[in-house]
Amino acid sequence: MNSRLTKFLPWLVVGLLALFPLMESTFYLQLLTKVLIMAIFAMSLDLLVGYTGLVSFGHAAYFGLAGYALALLAPKYETVSLWWSFPASIAICALFALITGMLVLRTRGIYFIMVTLAFAQMLFFVFHDTKLGGGSDGIYIYAKPTMKLGEMELVNLEKLEQFYWLVLFLMAATYMLLHRVLGSSFGRALLGIKVNEHRMRALGFPVFRYQLASFTLSGALAGIAGYLAAVQYGFVNPEILSWHQSGAVLMMVILGGMGTLHGAVIGAFAFVLLQEVLSNQAWFGIAAKHWQLAMGMLIMLVALYLPQGLAGLMQRFGRKPVAEAADD
Amino acid sequence: MDFAFFLIQLLNGLQYGLLLFLVASGLTLVFGIMGIINLAHGSFYMVGAYLAWSLSSMTDSLVAAILLAVPLTVILGMALERLLFRHLYQRDHLYQVLLTYGLILVFEELRSIIWGDDVHGVAVPALLNASIPLTDNLSYPVYRLAISGVCMLLAAGLYFLIQKTRLGMMIRAGASNRDMVQSLGIDIKLIYTLVFALGVALAAFAGMINAPLSSVTPNMGSQVLIICFVVVVIGGIGSVKGAMAASLMIGLAETFGQVLVPEVAGMIVYVLMAIVLVWRPEGLFGKA
Amino acid sequence: MQKKSTYDRRGFLLGSTAIAGATAAGALLPAGTALAQQGKLKVGLMLPYTGTYAQLGVAITNGFKLAIEERGGKLGGREIEYFTVDDESNPAKAPENVNKLVQRDKVDVVIGTVHSGVVMGMAKVLKESGTLWINPNGGAGAMTGAACAPNFFRTSFSNWQTTHALGKVLKAKGHKNAVFITWKYAAGEEMMEGFKEGFEKEGGKLTKELYVPFPQVEFQALLTEIASIKPDAVVAFFAGGGAAKFLKDYQAAGLKGKIPLYGSGFLTDGVLDAVGDAGEGVETTLHYADGLDTKKDKAFRLAYAKAFKLQPDVYAVQGYDAGQLLAAGLDGVKGNVANKVGVIKAMEAAKIDSPRGTWTLSKAHNPVQDMYLRKVVGKENKVQGVAWKALADPARGCKA
Amino acid sequence: MISNGLPPSPLPEQGGNLGSLRSQAVTGAPILRTRGLTKRFGGLVAVSDVSLDLHVGEVHVVIGPNGAGKSTLTNLLSGDLPPTAGEVMLEGRDIAGLSSDQISRMGVGRSYQKTNIFLPFTVFENARLAAQSRTPHALRVFSQAEGYAEINQRAQAALAAAGLEHRAQRIAATLSHGEQRQLEIAMCLATQPRVLLLDEPLAGMGPHESQRMVELIKKLSADHAIMLIEHDMDAVFALAHRLTVMVNGEVLESGTPAEVRSSPAVQLAYLGGEELLHD
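Protein chains in written order, with this note's numbering: chain A, 832 to 1159; chain G, -3 to 284; chain U, 478 to 877; chain V, 495 to 773.
No lab work stands behind these hints: they were computed from the structure. Source: prediction; values computed, not measured. Hints are all accurate, no fakes.
Heads up, simulated SDA-like pairs for lysine to any residue below, C-alpha to C-alpha not over 20 angstroms straight-line:
| id | chain 1 | residue 1 | chain 2 | residue 2 |
| --- | --- | --- | --- | --- |
| 1 | U | Lys685 | G | Pro258 |
| 2 | U | Lys685 | U | Asp709 |
| 3 | U | Lys685 | G | Val260 |
| 4 | U | Lys601 | A | Leu860 |
| 5 | A | Lys962 | U | Lys685 |
| 6 | U | Lys707 | G | Ser135 |
| 7 | U | Lys601 | A | Thr910 |
| 8 | A | Lys975 | A | Thr857 |
| 9 | A | Lys962 | G | Pro258 |
| 10 | U | Lys817 | U | Ala626 |
| 11 | U | Lys786 | G | Asp114 |
| 12 | U | Lys601 | A | Leu903 |
| 13 | U | Lys601 | A | Glu989 |
| 14 | A | Lys979 | A | Lys990 |
| 15 | A | Lys962 | G | Val260 |
| 16 | U | Lys583 | U | Gly607 |
| 17 | U | Lys735 | U | Ile706 |
| 18 | A | Lys990 | A | Leu848 |
| 19 | A | Lys907 | U | Ala623 |
| 20 | G | Lys237 | A | Tyr942 |
| 21 | U | Lys876 | A | Ala974 |
| 22 | U | Lys840 | U | Ala867 |
| 23 | U | Lys583 | U | Val818 |
| 24 | G | Lys185 | G | Ile71 |
| 25 | U | Lys604 | A | Glu989 |
| 26 | U | Lys822 | U | Thr837 |
| 27 | U | Lys601 | A | Pro906 |
| 28 | U | Lys707 | G | Pro129 |
| 29 | A | Lys838 | V | Phe636 |
| 30 | U | Lys583 | A | Leu860 |
| 31 | U | Lys707 | G | Leu130 |
| 32 | U | Lys735 | G | Ser127 |
| 33 | U | Lys859 | U | Gly753 |
| 34 | U | Lys601 | A | Tyr859 |
| 35 | U | Lys650 | U | Pro737 |
| 36 | U | Lys876 | A | Glu909 |
Use the sequences and the hints to build the structure in full.
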């Protein structure tokens, strides 16, 4: 792949994806919408795992929190404006990430993995055990948020393809944002912290503050995904912040190849697609009943033989070394 | 709550704590000595319980089932270490998380294929099938007390193994300096295989002797998994002492939490964990 | 493809428990094929086939298919084409999973599911799509309450129903106060409400509500509390492994025989093999029981055992009745499923001759059914009589 | 190409502030001083009651056998370890117990005994990150990192000073050991420190490379206060303005090289009577 192509490839992909609603307008469009939402979620986690060297096993907390924020901010039977509910939900996530970040960033390695999990579990039980958000049965968002400019409806979220375009736009925007951020001094410092935290400190970088900023940004971006996921089906349930969800998004990041933004996107596609294919009874018959067996084995194979994920697999066919991936 | 019931709840809490220790002890060993983060620990617990059920229904004796099953789980542990885990020691924890997450799915489905999705019970051994009356309408099952005894024996045994034996010395040295041990001509690979097998066997053993109490059900592994992690992390990774302290702490917190603050009982252990880690980021008995 | 997706009679009679898999149809059918199959009725099964509730999913599937098979594999003169989705009992994926059936496979009717949370997720999507929906288990009150809709039907129970009749039962036994213990989650709380209402109407007093964090199974602390409260009776709801462990712990704590234990029928369903004699004598209410000894029940049990080499349970009955209800609907319109109003009308009017006894639908489309009082005798939930004749869910909040 | 020495003006843009530093000068107050500095690990005393001064314009060499506490001392000064007792004064301000990043930002740079660089990055990026630490621009998340001329210049200059400018685009992991040591120093320089703590910069270097490094340190000593830990006695005596000998965590002797050389205690305890110091 030459560098020119690499540069334009993301735009080409986004362009092609934008055309998708012309071909298919219901199920696969909604599935793709979901994949794109998960791609935002995966990118937000990749910022932590792949670029800051922090393995969070509780990232679903921020995803789910945004969904619940929308559900609780919206009046029960009336529409809520996206203009304030969207930033408000994300601000709540960012704030929660900031607070939890201050605590979890005191720990390292396995402890970090476990403490992030603990905070997610806490939040899980808050929504599962109390009446705050409808308990274990979840809560509905009856009317989708509106996006109006004056009296004009800018985007009608009830319309599947309009919602899809909005999600696609936000996915591309997230990609762009992270791309810029990671190329900035801030991003370089994060990479440095990932590679050699100790040295960064000796060089005079206030490592904790950088990590906290990254953690907060990551939480906020997960919030974008969570908000969109809640809007898509109008339904949130405690399960969206369970450790299974945190595990799933971590799988996406690693499957795609951590430390590459497009890897996170590829991972989200691959993960959802794999589930679709493996559980497809038309193709696998009775074996599809045990599709999770195949899923588990595939995950293990990736862990053993594809440490750089699918993006790494692509890279092996003649691209730059991994360490430079952030330079492009 | 009057004083007598307070004492009984105290007993409940301690007993539950010991039970937690039983499951978590293997995890902390593998964690601390090999630096492996093993999400599939709960699956070994489940495998133990199902083995206890299927073998005890064949042999009509839980003891016989355990005697048969423990060697099987040791072999399982050694095989897994050789085939899978060995390749991940030098890698980031992330890949261990990934691999063991995959293992959970595999074990869960294999369980479904081999043993089905039913709920099963294992009979308490006749000798221990009795209760000690505590109040006019409450009594304490002897089997629970027996398990507590086993837990304490096991704790003592582990402590002895690690602190006093040659194997334990090698294990400790291996934990602190892999290269050094290797240069002394000790086969570190063998030690790791043994430790991992020990960890698997401990988890499975916990599942076995707990089977008569907990009943044998699908997904029982993932229920204990998270709480085990909490125990290990609060106690300090790799510390048997810490695992014991943390288990008892959690046992008491859950017991009194359910009675005194039922509204937030579900999250009480996580709050506890967060507090401990903010106060001591490396756990109660962890090395900095 | 076409051949494979048709209902295969021999495959059915082989009695594979994984029958769902064998008969499912293509997921990615090209448009042309879909047209060619217009003659068939598309039935989407969204049930758990993996995880904790896998067994329930299979039982419901079996029951449903038995009902269809008894009608020659046809409903309203139309052959059936099945589409299957494993919902994994994961509410987070529920809307997406039900969309597979509604949007991708364009099924005429959705059958599902077990988990209440997933039911709630399905409700959201199916309300919008208007697809006919028969729920063969999940008892979330809202489905036939606040979230009810003309196209929503349930052939099982509402959580409220399964414990409401216990109030009368306890009163009749002379218990003046009781403690309720369950998991802290929606189904548990709804069952607690159902009992509380029934018991207080009879002048009883619910002394204390005890909750165990879901899905924990460490009951010792609360059993100790029960012993210190010394209520006249204990009422419990747990299910599956949790129920088995609760029954054993209750016995081991010495409470069995001192404080009588009652419960929602799920406390003792499907776990009696696992608990030894710990369940003996426990009395529960449910819409089904062992030893009903009606002609219909006997025939059903025989046919089910023959087809699947398994004993049926309450879940199989609910699945079976889902098939019967759908049959009634389609018979009413001669198979013209496009006439949705007609189907709904016919289903609303149906009198279902169920193994559990005849039942009809309430306005909110929940069964109005007899609640049996059952008592554990050996490995059976033996019927003791009818605790409440034709109990209807109050369907609070249902405006449809 | 590595052979002869430094480029003429290693750190051009440092000229201004270094001039003012130099005016504090050798004879004035020490820029960094410790008093009673002590570090215990459990029962073990690694550093005990160490007092020493560093002056701009001076190379202060610390020698001692392995395990004498030299590296621990460095760690105490750089903030990698908090001292158990004692004070560390940087220009009159007690910095004991501050974190390493705070101390670094106050102008204390260090290199590590074990090469401690960003192996997967290019040589330039290593130096650039180091330079960036002085002007972090952390909030300008939309400006690309390479866009700051003054940072690039500083990185370039530091590489040039360490003799690595021709390696700028190489991945650090592919450098030779000696070059990695040079990079270590370059990164240290790019942070524009006034105090340099160099922990065995010559370890594992060939004679050629060592020679260059000695030249470099000599050059740097003009406008930096340098604490050097070193085993290579040639280098020690070529560079040292002051010499401190540590044994078992304690200062055995401290003074000019001549004073230390003639100290009987040193002769006896550290050198075991051998004639190692004669050359």
